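The sequence shown begins at 4 in my numbering and counts up one residue at a time.
Treat the hints loosely; a few may be bogus.
Within a straight-line C-alpha distance of at most 25 Å, the following computed PhoX-like cross-link-like pairs (lysine-lysine) qualify [what the hints assert, rightly or not]:
#1 Lys6 - Lys28
#2 Lys77 - Lys34
#3 Lys58 - Lys34
#4 Lys62 - Lys16
#5 Lys176 - Lys206
#6 Lys34 - Lys176
#7 Lys132 - Lys206
Derived CB-CB ranges, DEER-like [as the list claims (entries may be wrong)]:
#8 Gly86 - Pro174: 49 to 57 Å
#9 Glu203 - Asp63: 51 to 59 Å
#10 Lys8 - Glu205: 20 to 28 Å
#11 Ile102 - Ile188: 45 to 53 Å
#12 Gly32 - Gly95: 30 to 38 Å
#13 Gly86 - Glu205: 24 to 32 Å
If you are wondering where the hints come from, they were derived from the structure by calculation, not from laboratory data. Just so it is clear, the structure is predicted and the values come from calculations on it, not from any experiment. The beta carbon of each residue, even a glycine, is placed where N, CA and C say it ideally should be.
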Amino acid sequence: MGKVKDLYFDSEKWMVRYLVIDTMKWLPGRKVLLSPVSFDKVDPTNDQISVLASKQQIKDSPSMDEHQPVSRRKEMDLHTYYGWQPYWIGGGLWGPANIPMAYQPDELTNMNESVNNDEPSLRSVNELKGHVTGYTVKAADDDIGNVIDFVIDDNAWAIHYLIVDTGDWLPGKKIVIGPELIDSIDWDKKELTINLKSEEVEKESVEDDAILNLDEVTVENLRKRNILK
């Protein structure tokens with residue numbers, strides 16, 4: 004059907020809400036958004052995601068302008084069409100639940116009532132990573148590097164960690180930070196600030212292999228130091 008082009012996440016809860024699919028020659032010029040609600044199986048070994056929707060169903064889905072932000076109205080159109088649980092209704096990470104699920108027909112009224120109440124806080128993973136340099140990460144007293152990647156739980160589709168390249172500050176090192184450490188994000192300046200001092204961050208730097216593999220020993224050590232949950 005296509006390839007994953009980007010991920011749209013909710014910057015308030017740090018949950019991946021949609022995958023942006025590049026359908027290439029199949030549907031040229033279309034921005035196809037699929038919620039994790041529609042995923043049947045995720046196969047990280049073969050870099051494949053199986054979806055419950057048919058190609059015809061995706062082809063007939065509400066159109067999305069590739070160059071415009073996703074409004075709540077557009078989200079509602081998508082969720083109504085596919086029968087997805089609206090994540091913005093309820094107290095859980097995914098509406099009334101903490102994992103993606105389909106909504107019941109009698110919840111449709113509530114979804115319609117919520118359309119004009121708020122707008123989604125969706126941001127692009129590619130935006131944070133940047134085409135050349137990702138968002139600058141600032142400690143309480145100094146810049147410490149740039150965002151280069153993310154670690155995502157493919158069960159709840161939560162962004163658990165941001166991977167930061169420390170560049171010239173700690174050459175050859177990378178660090179991982181959890182979203183809970185982020186105090187603020189300046190989207191215009193492309194900066195995010197964490198609630199640690201640079202000397203505290205330096206103590207938590209680890210080798211590249213440990214970051215990429217996220218072995219249990221490393222993760223446990225980082226958790227003890229409150230860098231990871």
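Taking the beta carbons of Glu203 and Asp63, is their distance inside 51 to 59 Å? 52 Å, holds
Next pair to validate is Lys62 with Lys16; report whether the Cα-Cα distance is within 25 Å. 30 Å, violated
Outcome of range test on Cβ distance (Gly32, Gly95; 30 to 38 Å): Once the Cβ atoms are compared, 35 Å apart, the range 30 to 38 Å for Gly95 and Gly32 holds.
Just to be careful, I want the Cα atoms of Lys132 and Lys206 compared with a cutoff of 25 Å; is the pair within it? 24 Å, holds
Regarding the pair Lys34 and Lys176, is the alpha-carbon distance no greater than 25 Å? 36 Å, violated
Hinted pair Lys58 and Lys34, Cα distance within 25 Å: Holds, at roughly 14 Å.
Do the Cβ positions of Gly86 and Pro174 conform to the proposed distance bound of 49 to 57 Å? 51 Å, holds
CB of Gly86 to CB of Glu205, is that within 24 to 32 Å? 49 Å, violated
Proposed proximity, Lys28 with Lys6 (alpha carbon, max 25 Å): 11 Å, holds
Given the hinted pair Lys77 and Lys34, is their alpha-carbon gap at most 25 Å? 12 Å, holds
Quick check: does the Cβ-Cβ distance between Ile102 and Ile188 fall within 45 to 53 Å? At 26 Å between Cβs, range violated.
Looking only at beta-carbon atoms, does the pair Lys8, Glu205 fall within the given range of 20 to 28 Å? 35 Å, violated
Hints 4, 6, 10, 11 and 13, counting from the list given before, are not met by this structure.
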